[in-house]
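Undergrad: If you read the sequences in order, they're chains A and B.
Quick note on the working numbering: the first sequence kicks off at 12 and runs consecutively.
Quick note on the working numbering: the second sequence kicks off at 226 and runs consecutively.
Be careful, since some hints might not be right.
Said to hold, decoys possible - These stretches of chain B come out as covered by chain A in the derived footprint (C-beta under 8 Å, 3 or more residues): (1) 244 to 257; (2) 331 to 337.
As the list claims (entries may be wrong) - Straight-line alpha carbon distances no greater than 30 Å define the calculated DSSO-like cross-link-like pairs of lysine-lysine that follow: (3) B:LYS277 x B:LYS302; (4) B:LYS302 x B:LYS329; (5) B:LYS293 x B:LYS277; (6) B:LYS302 x B:LYS281; (7) B:LYS329 x A:LYS76; (8) A:LYS18 x B:LYS329.
To be verified - Computed far set for chain A versus chain B, every beta-carbon distance over 10 Å: (9) GLN52; (10) GLN62; (11) LYS76; (12) ASP113.
These are computed hints drawn from the structure, not numbers from a lab.
The C-beta atom is built at its ideal place from N, Cα and C for all residues, glycine as well.
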Amino acid sequence: SAVISQKPSRDICQRGTSLTIQCQVDSQVTMMFWYRQQPGQSLTLIATANQGSEATYESGFVIDKFPISRPNLTFSTLTVSNMSPEDSSIYLCSVEGLLITDTQYFGPGTRLTVL
Amino acid sequence: GDSVTQMEGPVTLSEEAFLTINCTYTATGYPSLFWYVQYPGEGLQLLLKATKADDKGSNKGFEATYRKETTSFHLEKGSVQVSDSAVYFCAQLNLNAGGTSYGKLTFGQGTILTVHP
Numbered sequence: 012s013a014v015i016s017q018k019p020s021r022d023i024c025q026r027g028t029s030l031t032i033q034c035q036v037d038s039q040v041t042m043m044f045w046y047r048q049q050p051g052q053s054l055t056l057i058a059t060a061n062q063g064s065e066a067t068y069e070s071g072f073v074i075d076k077f078p079i080s081r082p083n084l085t086f087s088t089l090t091v092s093n094m095s096p097e098d099s100s101i102y103l104c105s106v107e108g109l110l111i112t113d114t115q116y117f118g119p120g121t122r123l124t125v126l
Numbered sequence: 226g227d228s229v230t231q232m233e234g235p236v237t238l239s240e241e242a243f244l245t246i247n248c249t250y251t252a253t254g255y256p257s258l259f260w261y262v263q264y265p266g267e268g269l270q271l272l273l274k275a276t277k278a279d280d281k282g283s284n285k286g287f288e289a290t291y292r293k294e295t296t297s298f299h300l301e302k303g304s305v306q307v308s309d310s311a312v313y314f315c316a317q318l319n320l321n322a323g324g325t326s327y328g329k330l331t332f333g334q335g336t337i338l339t340v341h342p
């Protein structure tokens, strides 16, 4: 079965710094997504990343804070910039259509703590 | 707008008990409906899916039926195990009239299930 991996799995960062999270898929996919799961909360979509085009951000999320790259069909990065404690969350990437069309599959997540 | 509402948790059951987790949705389009499960310290795993009214999704003993008349997709299992302890998320993916997705999954708030031996 296809595999989605994320790096790092967890990190503890100081406020004001930035962290780049990587998402790697072992097969080519068109649509990749980045979600945030705040402590004890549900998942919220940050942005959609399609290869060859600018990421599309959801309301409340901006490119300056969460820049995204999508250089090819198997890889994407999300950067959390100028972090504050409010950014402490689990960040998950997902891809659509790995095994079943119109279905999203999730990576294991990156647990970020900002001090 | 689109939304998903799950029953309040947490839910605590004894092993072999019957499980129901309620989920209702509001949608402007033609959603596919999902249940995802998140085991402690892990990411989300797809549990089951249904794409149209009266479809039943099933996996690992869990079932959910897409009820358009009640806009519901309740999760059930006849006999839970300790290993089913996890957080369960109901979600919808809105499809346009042509059947391709808009890509945005809308999640419910999650229901924590704890099963005791």
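Undergrad: Are LYS293 (chain B) and LYS277 (chain B) close enough, with their CA atoms no more than 30 Å apart?
TA: holds, 8 Å
Undergrad: Three residues minimum, CB to CB under 8 Å: does the stretch 244 to 257 of chain B make the cut for coverage by chain A? Let me know.
TA: That given contact is violated, which follows from only 1 residues of the stretch 244 to 257 of chain B lying within Cβ reach (below 8 Å) of chain A.
Undergrad: Check the hint pairing LYS302 (chain B) with LYS329 (chain B) against an upper bound of 30 Å on the C-alpha distance.
TA: holds, 28 Å
Undergrad: In terms of Cβ atoms, is chain B entirely out of 10 Å range of GLN52 (chain A)?
TA: violated, 7 Å
Undergrad: Apply the coverage criterion to the stretch 331 to 337 of chain B and chain A: a residue qualifies when its Cβ sits closer than 8 Å to a Cβ of the chain, and three qualifying residues are needed.
TA: That given contact holds, which follows from 4 residues of the stretch 331 to 337 of chain B lying within Cβ reach (below 8 Å) of chain A.
Undergrad: Has the given pair, LYS277 (chain B) with LYS302 (chain B), been kept, meaning a C-alpha gap of at most 30 Å?
TA: holds, 21 Å
Undergrad: With the threshold set at 30 Å, check whether the alpha-carbon distance from LYS302 (chain B) to LYS281 (chain B) stays at or below it.
TA: holds, 13 Å
Undergrad: Is it correct that the beta-carbon of GLN62 (chain A) has no partner in chain B closer than or equal to 10 Å?
TA: holds, 14 Å
Undergrad: Would the least Cβ to Cβ distance between ASP113 (chain A) and chain B come out above 10 Å?
TA: violated, 5 Å
Undergrad: Within 30 Å, alpha carbon to alpha carbon, are LYS329 (chain B) and LYS76 (chain A)?
TA: Roughly 20 Å between the alpha carbons, so the hint for LYS329 (chain B) and LYS76 (chain A) holds.
Undergrad: Between LYS18 (chain A) and LYS329 (chain B), is the straight-line Cα distance small enough, at 30 Å or below?
TA: It holds: about 23 Å lies between the C-alpha atoms, which stays within 30 Å.
Undergrad: Minimum C-beta separation from LYS76 (chain A) to chain B exceeding 10 Å: can you confirm that?
TA: It holds; LYS76 (chain A) is separated from chain B by about 19 Å at its closest Cβ, greater than 10 Å.
Comparing the model with each numbered hint stated earlier shows that hints 1, 9, 12 do not hold.
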